[in-house]
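J.: Place chain B on chain A using the hints.
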Amino acid sequence: MIKDVETQPETRNKRSGMQDYLAAGARAIPPSGIRRFFDLVSASKDSSIISLGVGEPDFVTPWKYRDAAVYSLEKGKTQYTSNAGMPELREAIAEYLHGRFDVRYDPASEVLVTVGGSEAIDLAIRALIEPGDELLIPEPCYISYNPITTLGGGVPVGIETFAKDQFKLTAESLRAAITPRSKLLILCYPSNPTGAIMTYEDLLPIAKIVEENDLIVVSDEIYAELTYGSNHVSFASLPGMKDRTIVVSGFSKAFAMTGWRMGYACGHPDLIGAMLKIHQYTVMCAPIMGQVAALEALRNGMDEMYKMIESYNQRRRLVVQGFREIGLPCHEPQGAFYAFPCIEGTGLTSEEFASRLLTEAKVAAVPGHVFGKGGEGFIRCSYATSVAQLTEALERIGGFLNKLR
Amino acid sequence: MNELKAKILDLLKEDARLSPATIATMLGAEEAEVSSAIDEMERDHVIVKYAAVVNWSKVDDEKVTALIEVECSPERGRGFESIAERIYLYPEVKSVYLMSGAYDLCVEIDGKNLKEVASFVSNKLSTIESVISTKTFFILKKYKQDGIIFEEFEDDHRLPISP
Chain A
1 MIKDVETQPE TRNKRSGMQD YLAAGARAIP PSGIRRFFDL VSASKDSSII SLGVGEPDFV
61 TPWKYRDAAV YSLEKGKTQY TSNAGMPELR EAIAEYLHGR FDVRYDPASE VLVTVGGSEA
121 IDLAIRALIE PGDELLIPEP CYISYNPITT LGGGVPVGIE TFAKDQFKLT AESLRAAITP
181 RSKLLILCYP SNPTGAIMTY EDLLPIAKIV EENDLIVVSD EIYAELTYGS NHVSFASLPG
241 MKDRTIVVSG FSKAFAMTGW RMGYACGHPD LIGAMLKIHQ YTVMCAPIMG QVAALEALRN
301 GMDEMYKMIE SYNQRRRLVV QGFREIGLPC HEPQGAFYAF PCIEGTGLTS EEFASRLLTE
361 AKVAAVPGHV FGKGGEGFIR CSYATSVAQL TEALERIGGF LNKLR
Chain B
1 MNELKAKILD LLKEDARLSP ATIATMLGAE EAEVSSAIDE MERDHVIVKY AAVVNWSKVD
61 DEKVTALIEV ECSPERGRGF ESIAERIYLY PEVKSVYLMS GAYDLCVEID GKNLKEVASF
121 VSNKLSTIES VISTKTFFIL KKYKQDGIIF EEFEDDHRLP ISP
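In order, the protein sequence lines correspond to chains A and B. Quick note on the working numbering: the first sequence kicks off at 1 and runs consecutively. Quick note on the working numbering: the second sequence kicks off at 1 and runs consecutively.
Next up, chain A with everything else stripped away, as it sits in the complex (with noise of 0.2 Å):
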């Protein structure tokens, strides 16, 4: 005989209202910086506004690229490929890494091919953090390494980074920082927001306190080919460092191809193996109209590449040289495409700088608090748009200033 089964369970409470039913890691987790500036700077749709705002490249993904992806879709190319994705792009990924980078990776078991180096980021840290666990932030940084720890119910532990060093992670700051929980750094070098780099010498002794210290380094390398003078070093290829790191990257930025959403992470075959796992369950594969622009991109796109860093260079001294003349101090950025000038000197913070800014100049810059620890005192200003529109937007924020005065 079946027994009559209680319908309600007695320990569960009534809810009062739909936020009650979010986890706690959503609850937990603020809503971005930025979101709010880009509202305010949608909301004013005002035509004359110059945004140095934008975090992607300027240029539209070359021809060829696009031609590549368009011919595969007339091919009838539209189907999943396998889940780390297509072999040829990783070989050519694994190919294109040693070239430049001198990182040798197997592209059969170390190459992950991810929607977005995004989608990299938060593979690497759900594979990795356990609750409780601390990860290490050399801050400001790019913001989603923070959220997506808490996410996973890690702590992010963030590390400031100063102008006086040109915002690298010293290794000080970085033994400080350390705890027994400690299990995880993030390195993001060239930066976002600052434009710094670490070099070959300034990396050394960073790895030396990971190896001491047992640290999974997660190494987002997403601006590797925009440095301005000097070599991008891949963590990885420090000795000793391949096992211990996870290279993030894509080809947002280097190959102006953001909408695509192409990325891809590399790294020991267990740590990649638990990632696949997570990616096939979530997305499958990366699109494979991206996966087949993306091996254009390597197979023939180096010499648009050169061409796209060399403006992108250009700019870079215009702005900066800019901003110092307008008496607005401002380290020298070697990579990425950012400068990140301070703004200290008017007596503002940096949110109601860039409201001001953006209010009586029509130039929107992002207020540098949003990006964590340091960034307070700070603008960013994104130098991927026209020498027309960087011209003009020195001039404004040079009349700002003087106002201001």
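One should not assume that every hint holds.
Cβ-Cβ distance ranges computed for the label pairs, FRET-style [what the hints assert, rightly or not]: (1) B:Arg86 <-> A:Leu73: 38 to 44 Å; (2) A:Gln79 <-> B:Glu30: 54 to 60 Å; (3) B:Asn123 <-> A:Leu73: 52 to 58 Å; (4) B:Leu67 <-> A:Arg35: 41 to 47 Å; (5) B:Asn123 <-> A:Asp46: 52 to 58 Å; (6) A:Ala43 <-> B:Leu67: 18 to 24 Å; (7) A:Arg66 <-> B:Leu67: 29 to 35 Å; (8) B:His45 <-> A:Asp67: 34 to 40 Å; (9) B:Trp56 <-> A:Arg36: 33 to 39 Å; (10) B:Phe150 <-> A:Gly399: 32 to 38 Å; (11) B:Ala102 <-> A:Tyr80: 49 to 55 Å; (12) A:Lys45 <-> B:Phe150: 26 to 32 Å.
To be clear, the hints were calculated from the coordinates, so they are not data collected in a lab. By construction, the Cβ of each residue, glycine as well, lies at the ideal position given by its N, Cα and C atoms.
T.: Quick look at chain B alone, frame taken from chain A:
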């Protein structure tokens, strides 16, 4: 040509109004160095002229441009030089190229209207002694000229603020 000059040309080709000071900043060079390189290139006729690229179809609907294939017999000792000169000295002639292949000179000509071009070809070009034949092709629409796409489209689709 040295690297600096090549880079200066790349920049001026895109925007001839960039000042030597701006170019110097962009290339990480001294302004004096840039100025003298530009002077030198002007003197050597590497930089021939600073001219605007005009989309004439927006100015004058009637105006026509034609490409004319000219077959002609070269002169002993001077080849095509003197005939080319006789053609390019006409102000309505925009460009003249010596070509390999089925014909000899490619002549680009501007006219106020179709009739004017037709009259130039029949009265001036065809009557030159060494010209054997001409074929005239009218340009119906210019999509791209000197690396510049004429069609207007919004090419910055980016969100105003992104991480």
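J.: Now look at each hint and say whether the structure bears it out.
T.: Results of checking the hints against the structure:
no., hint, in the structure
1, B:Arg86 <-> A:Leu73: 38 to 44 Å, "violated (53 Å)"
2, A:Gln79 <-> B:Glu30: 54 to 60 Å, "holds (57 Å)"
3, B:Asn123 <-> A:Leu73: 52 to 58 Å, "holds (53 Å)"
4, B:Leu67 <-> A:Arg35: 41 to 47 Å, "violated (54 Å)"
5, B:Asn123 <-> A:Asp46: 52 to 58 Å, "holds (57 Å)"
6, A:Ala43 <-> B:Leu67: 18 to 24 Å, "violated (51 Å)"
7, A:Arg66 <-> B:Leu67: 29 to 35 Å, "holds (30 Å)"
8, B:His45 <-> A:Asp67: 34 to 40 Å, "holds (38 Å)"
9, B:Trp56 <-> A:Arg36: 33 to 39 Å, "violated (48 Å)"
10, B:Phe150 <-> A:Gly399: 32 to 38 Å, "holds (35 Å)"
11, B:Ala102 <-> A:Tyr80: 49 to 55 Å, "holds (51 Å)"
12, A:Lys45 <-> B:Phe150: 26 to 32 Å, "holds (29 Å)"
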